[in-house]
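Trainee: Protein chains in written order, with the working numbering: chain P, 437 to 844; chain U, 437 to 844.
None of these hints come from the bench; they were simulated from the model.
Intra- or inter-copy, both count: the list cannot distinguish identical chains.
In silico SDA-like pairs for lysine to any residue, Cα to Cα no more than 20 Å straight-line:
{"hint": "1", "residue 1": "Lys595", "residue 2": "Leu493"}
{"hint": "2", "residue 1": "Lys835", "residue 2": "Gly761"}
{"hint": "3", "residue 1": "Lys586", "residue 2": "Asp555"}
{"hint": "4", "residue 1": "Lys615", "residue 2": "Ala760"}
The structure displayed is predicted, hence computed values, not measured ones.
Protein chains: 2
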Amino acid sequence: MDIKVKTDGLGIAVENILEMRPEAGRALDRLWSGSEPMTGWVQTPINQNKEELEYILNAADIVKDEAELFVVVGIGGSYLGAKAAIEALPKAERGAQVRFFGTNFCTDYYREVMAEIRDKRTILCVISKSGNTAEVSAAFETLKPLMIEKYGSEEEANKRIIVVTDPARGQLRAEAEEKGYATFDIPPNIGGRYSVLTPVGLLPMAVSGIDIRDVLDGAKAMAMSPVWDEGGTDYAISRHLMQMTGKHIEVIEMCHSRLGYLGEWMKQLYGESEGKNGQGLWPATLTLSTDLHSMGQMIQEGRQNFFETMITVDDPDYTVTVPAGHLAGRTIRELNEAMMDGVIRAHRNAGIPVVEIHMPQLTPHYYGQMLYFLETTCAVTAMLNGVDPFNQPGVEAYKAEMRKILGI
Amino acid sequence: MDIKVKTDGLGIAVENILEMRPEAGRALDRLWSGSEPMTGWVQTPINQNKEELEYILNAADIVKDEAELFVVVGIGGSYLGAKAAIEALPKAERGAQVRFFGTNFCTDYYREVMAEIRDKRTILCVISKSGNTAEVSAAFETLKPLMIEKYGSEEEANKRIIVVTDPARGQLRAEAEEKGYATFDIPPNIGGRYSVLTPVGLLPMAVSGIDIRDVLDGAKAMAMSPVWDEGGTDYAISRHLMQMTGKHIEVIEMCHSRLGYLGEWMKQLYGESEGKNGQGLWPATLTLSTDLHSMGQMIQEGRQNFFETMITVDDPDYTVTVPAGHLAGRTIRELNEAMMDGVIRAHRNAGIPVVEIHMPQLTPHYYGQMLYFLETTCAVTAMLNGVDPFNQPGVEAYKAEMRKILGI
Numbered sequence: 437m438d439i440k441v442k443t444d445g446l447g448i449a450v451e452n453i454l455e456m457r458p459e460a461g462r463a464l465d466r467l468w469s470g471s472e473p474m475t476g477w478v479q480t481p482i483n484q485n486k487e488e489l490e491y492i493l494n495a496a497d498i499v500k501d502e503a504e505l506f507v508v509v510g511i512g513g514s515y516l517g518a519k520a521a522i523e524a525l526p527k528a529e530r531g532a533q534v535r536f537f538g539t540n541f542c543t544d545y546y547r548e549v550m551a552e553i554r555d556k557r558t559i560l561c562v563i564s565k566s567g568n569t570a571e572v573s574a575a576f577e578t579l580k581p582l583m584i585e586k587y588g589s590e591e592e593a594n595k596r597i598i599v600v601t602d603p604a605r606g607q608l609r610a611e612a613e614e615k616g617y618a619t620f621d622i623p624p625n626i627g628g629r630y631s632v633l634t635p636v637g638l639l640p641m642a643v644s645g646i647d648i649r650d651v652l653d654g655a656k657a658m659a660m661s662p663v664w665d666e667g668g669t670d671y672a673i674s675r676h677l678m679q680m681t682g683k684h685i686e687v688i689e690m691c692h693s694r695l696g697y698l699g700e701w702m703k704q705l706y707g708e709s710e711g712k713n714g715q716g717l718w719p720a721t722l723t724l725s726t727d728l729h730s731m732g733q734m735i736q737e738g739r740q741n742f743f744e745t746m747i748t749v750d751d752p753d754y755t756v757t758v759p760a761g762h763l764a765g766r767t768i769r770e771l772n773e774a775m776m777d778g779v780i781r782a783h784r785n786a787g788i789p790v791v792e793i794h795m796p797q798l799t800p801h802y803y804g805q806m807l808y809f810l811e812t813t814c815a816v817t818a819m820l821n822g823v824d825p826f827n828q829p830g831v832e833a834y835k836a837e838m839r840k841i842l843g844i
Numbered sequence: 437m438d439i440k441v442k443t444d445g446l447g448i449a450v451e452n453i454l455e456m457r458p459e460a461g462r463a464l465d466r467l468w469s470g471s472e473p474m475t476g477w478v479q480t481p482i483n484q485n486k487e488e489l490e491y492i493l494n495a496a497d498i499v500k501d502e503a504e505l506f507v508v509v510g511i512g513g514s515y516l517g518a519k520a521a522i523e524a525l526p527k528a529e530r531g532a533q534v535r536f537f538g539t540n541f542c543t544d545y546y547r548e549v550m551a552e553i554r555d556k557r558t559i560l561c562v563i564s565k566s567g568n569t570a571e572v573s574a575a576f577e578t579l580k581p582l583m584i585e586k587y588g589s590e591e592e593a594n595k596r597i598i599v600v601t602d603p604a605r606g607q608l609r610a611e612a613e614e615k616g617y618a619t620f621d622i623p624p625n626i627g628g629r630y631s632v633l634t635p636v637g638l639l640p641m642a643v644s645g646i647d648i649r650d651v652l653d654g655a656k657a658m659a660m661s662p663v664w665d666e667g668g669t670d671y672a673i674s675r676h677l678m679q680m681t682g683k684h685i686e687v688i689e690m691c692h693s694r695l696g697y698l699g700e701w702m703k704q705l706y707g708e709s710e711g712k713n714g715q716g717l718w719p720a721t722l723t724l725s726t727d728l729h730s731m732g733q734m735i736q737e738g739r740q741n742f743f744e745t746m747i748t749v750d751d752p753d754y755t756v757t758v759p760a761g762h763l764a765g766r767t768i769r770e771l772n773e774a775m776m777d778g779v780i781r782a783h784r785n786a787g788i789p790v791v792e793i794h795m796p797q798l799t800p801h802y803y804g805q806m807l808y809f810l811e812t813t814c815a816v817t818a819m820l821n822g823v824d825p826f827n828q829p830g831v832e833a834y835k836a837e838m839r840k841i842l843g844i
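Using the sequences and the hints, build the whole thing.
Mentor: Here is the structure:
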């Protein structure tokens, strides 16, 4: 069993999808050709680097033995993939606590994490291609003296710093070589939002106790799946067509309480890949049933400028049963199913287009499948939209203004 | 100093705002008249019920003495206000841990919370007007036998159950009277999304250690503020006008890491009040600078169908300084300011309309001001849009389908 995608609830005529499959197939061929820039992520799970994987697993074992706290300094694509997986997936008991930092300029948050580091055996991990991102630089420079203070000397602190960065270039690589930090490589042909299956995502996941071999094997299974020849791009095509017909928001609905951050990861993947040239679907994420009690009214009766993508976990875990009341004898699982089916019916009755993506279980394997499927889908949609899925020219604008304000 | 709102970055001509002030003033008068249904929230902070406040504070003290864990069972308006305040505000050290439950049908989450209850001295609090909401009923019925098992008898369990519900009607009120639970009232003339300053929000806040008198006094200060005669409705008017000109998404940006759940509360407040009759602004929330590294590209160069509302905390806390690197000597606070100003400049350069809302500090007083300001704004915008801010006819649709599926 694999993840399953149903696009027949969108109200798009089958022939319109079929008509676009050849173009979507050509987009896939370009991704698979290996000759397009920034498509390294396509091959990574297929041609796994066993040596690097061993190195990650060994490092993770050392971290788990030595540290209570693993502070990951990184922002955007350098943390969302790992954060989402750690929230979603089951973990072996031995995992260290992973804390993400350098994700903002919030003094309160700085104080909180600095106090935790003073209190716990800590290993610091900085994830950044360049090391120049302001949030990351401020965080790393602030934590370095704290580590030296805590461990008595720069030498001892440096033993507890790991850097994930460009294999050759950039200030962080240079510093790592000078100071002797342990290092992992971010492949130069993989952008931040497509980097979850490189050391960027895999190292924090492994430290937390997730079986990263299973995640990679799931991604590989999706990469090699025959589905790509028979409808695997239909969700990508549908997203393109929805936008063309005035559905400008994609409401991504997570039907499991542990998938909230997968939604945040998807927001970057989709938004940053497609939001250019005055177009792109605005990705909005909800967790169900929770957010039906806040955004349900807007969906049902508000402006109909959106479609829904519902992500469900079909795991038949029927272990908790309501013992009394008007739902007596129902399992929580059964109620969740009824909720999801009720939503689909009510929204279709109102004419709202709904895509369904079903994960059989919330395991590392199927999670790996999802990641690869979503990355491929997003890249194909962007290509159908006529934009480059792998650049992000607009993110520099506020940074340039910020530098002017700071006079640097 | 009070919270300040700047609407001059929206690109709306001043005369267009001034022209609508009389209509917005009439909407305010209707809210203040006391004769409109479901407007009880307007008066609550002004005519504070001292007796009820004492009762809440006493109950909170007892909970803090007796329990390590305060499990609040409630969904939508019955938890978002308290959750947001607890995430945002400073607390006295004595607060008990507040855990929200009954917010989904997730078996994993059930197991997690049930294990915590077995482990910790617990008081259970159910917040629901009727008690019939499926999520709340399933959660409460599942936890009741657990409490009996833990405390040895139904009598002992019932001493540790608090109910916040309708003062006279509904199944939960009837059960509370039968079983002798401690009870608090939800005023019948206040809807869920406007109930944060009633026992619904105040009791969990007080248990967590928040000074709820300050929150209420802040709300009162805003209610009595002269600003309502001189531009206090301009944000409400602007939201109406933005929608009229094709800005269909309001991107609400929190510039402090503790305000994320205030955004979730706002999503319900805005979305459920305005999303009807085929209209309404889609409320999308971001936390800055974090989400500039995921959604920044889409904002800068994607489809321009949105405006931004930036909520900042101006608290000049300059206690953490970056010691080295290219940002050496800058405080984190200074970097946050430069980031916010950089964003405003870059986005205005791109023609994006931006509202600014400034909180002087993240204190209970200013937070109370914010809550009251946002509730009033939302109600006025909905009235300018020509819809009822206080109903939610669409939320029944999926529940009806769900009942059909369950055969109940």
